[in-house]
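Q: The residues making up each chain are set out below.
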Amino acid sequence: MSNTVFAPWDDPSERPLIKFQNVTKRFGTFTAIDDLTVEIFEREFFALLGPSGCGKTTLMRMLAGFETPTEGAIDLAGQNIAMVPPNLRSVNMMFQSYALFPHLSIWDNIAFGLRRERMPKDQINERVSEMLRLTHLEKFARRKPHQISGGQRQRVALARSLAKAPKLLLLDEPLGALDKKLRQETQFELMDIQEKTGTTFVIVTHDQEEAMTVASRVAVMDHGKIIQIATPDKIYEEPNSVYVADFIGDVNIIPGTATPSGDDTFAIQWSEETAPLTAKSAIPFALDETCHLAIRPEKVAITADKPDDATNAVQGKILDIAYLGNSSTYHVELTNGAVIKAQTANTRRISRRAFTWEDTVWLSWTATAGVLLAS
Amino acid sequence: MQRFFLVFIPYIWLVALFLIPFAMVLKIALSDIAIAIPPYVPKFDWAEGIRAFLAQLDLENFIWLTQDDLYWKAYISSLRIAVFSTLCTLLIGYPIAYAMARAPSEWRPTLMMLVILPFWTSFLIRVYAWMGILSNEGILNQFLLWTGVISDPLVILNTNTAVYIGIVYTYLPFMILPIYSALERLDTSLIEAAEDLGCSRISAFWLVTIPLSKTGIIAGSFLVFIPTLGEFVIPSLLGGSDTLMIGKVLWEEFFSNRDWPVASAVAVILLLLLVVPIVLFQRNQQKQQEAEQ
Amino acid sequence: MTRMSWFNTVSLTLGFAFLYIPIVILVIYSFNESKLVTVWAGFSTKWYGELLRNDAFLNAAWVTIKVAVVSSTFATVLGTMAAYVMVRGGRFFGRTLFSGMIYAPLVMPEVITGLSLLLLFIGIGLDRGVLTIILAHTTFSMCYVSVVVSSRLVTFDRSIEEAALDLGCTPSEAFRLVTLPIIAPAVISGWLLAFTLSLDDLVIASFTSGPAATTLPIKIFSAVRLGVSPEINALSTIMIAIVATGVITTSLISKRQVVRQRREEQEAERS
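Chains as they are written, first to last, in this note's numbering: chain A, 3 to 377; chain B, 21 to 313; chain C, 1150 to 1420.
A portion of the hints provided could be inaccurate.
[As the list claims (entries may be wrong)] A partial selection of chain B residues facing chain C, derived with a Cβ cut-off under 10 Å: (1) Pro30; (2) Ala43; (3) Pro115; (4) Leu137; (5) Thr141; (6) Phe143; (7) Gly152; (8) Val175; (9) Ile196; (10) Val253; (11) Phe274; (12) Ala287.
If you're looking for bench data, these hints aren't it; they were derived computationally from the structure. All C-beta atoms, glycine included, are put in the ideal place defined by N, C-alpha and C.
Take these sequences, add in the hints, and give me the full structure.
A: Below you can see the structure in the form of structure tokens.
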């Protein structure tokens, strides 16, 4: 089973499709991309995730050819494309605004790139029909972009950029303009199309849920650097820094100092009044080294009495309750003033809430529930 | 390469047909008059070089302008006419723009078009139309005599009054349009809020509507003031022999007196007069653009 | 919308009366039988007949139209280029001077523009005639065209051009196949503006025309200086009729397009 998993990045014999080698991009004195190296493999669905201004869009525009790197090389299938103009690259892009040509019909929009290649007419017809089928747009071929809905426009933009069968497809916030429900449906559609066509996709997004859903690997960026590249589950469960842990999902960050206490195990001194916490970590920490324990709220159990067998247990008072429908998040203020979030799934429809405001409760978690991060 | 041509062609065109001619005006303004064709003695010879040019440079024509009080009077009178007619245009244009902005929204495009339409029709014809109305036997006098308001025809044509009427009439669209666009953007709930907070209708108008349409008022005023200052057609058709406007003086200096150096010097001074309002106007436009972003 | 207050109704009525009554009177008196413009002597179209037999006017009209067509076409090409350079050109040597030269003619008094061009034409020994008027008109109307076109280019979604490049267009193909069709309405209205400015211009044409070439405004001006004449009224009426028809038709067409587009957009969102 394990050998069928798609993971070319773990295979040293695989050659990457795209390779950024020490790429730096400066706009005047502002450094948008800072000495960045990254490899993207064929058939990958690669997500660039980060807050606005982190450099993810610049990175994508360098792939498309709209920006040239100040330093470094960009290889596409073994060729340095850093100075190749956009019209000569076998890379296509789906724009955030879709950038459909308003004066051309849907059919002509999709055929636009094929016509530039001087493709014979019958082949163009065939290819455009194929694209219309793939994106379920057959009925709208003769319409102009303003005559179709936002979701349909998004699919036209996708069909147009896929029509030339590029080696690499770039998607710039492709679902940003759609409402939430349509966005979720379209995410699966995108994955489906990516699988069918076998094209390598690079998506830029600031929506972590979207990146986690569609991508095979996610690169979290900040200030022109990649902080972590990993599969979505690793990004969530094994973040390599406080920044990544905090950026993806909800998390409790407990700062303290580490004391090695046996086999990959550390005691974390974090408060004068409470006992040290215990956490396992594969990364070694020296005695008294400052560290941060990151624990996801859903991994913290909340009980009325002190659990007997818990590795870590702390007492506190409920400060706030956020009822989210599928789950409830409790904000618990500990005796030392720290606030820890704990989340429980609401698995039953009709049940009285076990806890209410001002209740005294116990929070507990195992030694492996959290991740120990260097500061 | 393509980009080079794209920049180069319009650039060269403007340098050749705007910048160089303008430099020539400056040069001739510093030359002496001569009875010849062209009727001036050039002061500047490239072979002699800049030093010789600077040594020769004389402000004779400008000194002449300060000595002959015709020019003084013409500048002052142009300024006065421009300021006063801009004020009149504002007082007439503002209520029209205000009423347009308050009109039902389905009327507004039509009203807009009615304001713009005269702008597309010939300026000369619109000025000419008033000649038939304002003359001693004109429609206005006939009407007033018929109603018995006056017993002798009023002399309006060929006076400054006719010039004011002509300016207000031809430049009114330039005043209405920027004020209208400022007022149309104005959120009516702001006036409701002002009234809710205790303003009367009139004080809400003074405290909210006027300040928020300020950029439109300023833009419109400059759009009227700047071209009025150098106006030629209106004073020469509607004005009389005592109507002094600098555009007319320049024209006469050039075509009747054939004194090109003095005409050029008049042009240079007129331009200097215009620099301040043009810079202020640009700044107002920039501020408005920034506010819109 | 509530009904308009009496104050607004009165100011609109008076305002539009002020704008249109002079024109209406002008048109009415063009059908006057009498030579005296101020005395109504019955309906007649004889002045239109006179006008058609007046060769001087017809020649001037022909010169004016030739000048207007040629100069507005040149002005549109140059003005569009200038607008594109200003909005998309990035930095180049002398950019500030360039933008100054684009905007200055808009605020420059016509007498100065005319005077300076005349001095240039004499300085280089160019005979004044149709050519010099065309050069002069092209220069000042290209600036108006460039303002109209660049205001459209500023609101233009740049990624549409990038999409064309991305799909394999060279920069010039992208301009021809994508940018130009989209900004076409602005280019056309720029042309129309340049055309009417040229038709209308008296001052610059007076400076730059020679005895061989007289334009209609120059002809009208010299006739009108002597006083009001019914023939000029007739000529004005014809010009007003042409312009009004043109402006009203184009605004109706563009209004219909806007309404249709909005309706189709709404339908698309509903389906």
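Q: All hints are to be evaluated individually against the structure, with a verdict given for each.
A: Verification of the supplied hints:
1. Pro30: 4 Å, holds
2. Ala43: 9 Å, holds
3. Pro115: 4 Å, holds
4. Leu137: 6 Å, holds
5. Thr141: 5 Å, holds
6. Phe143: Given a least distance of 6 Å, the restraint on Phe143(B) holds.
7. Gly152: Nearest chain C Cβ about 5 Å off; hint holds.
8. Val175: 15 Å, violated
9. Ile196: Constraint on Ile196(B) satisfied, holds at 8 Å.
10. Val253: 6 Å, holds
11. Phe274: At about 6 Å, which falls below the 10 Å cut-off, the nearest Cβ of chain C leaves the hint on Phe274(B) intact, so it holds.
12. Ala287: At 5 Å from the nearest chain C Cβ, Ala287(B) passes the 10 Å test, so the hint holds.
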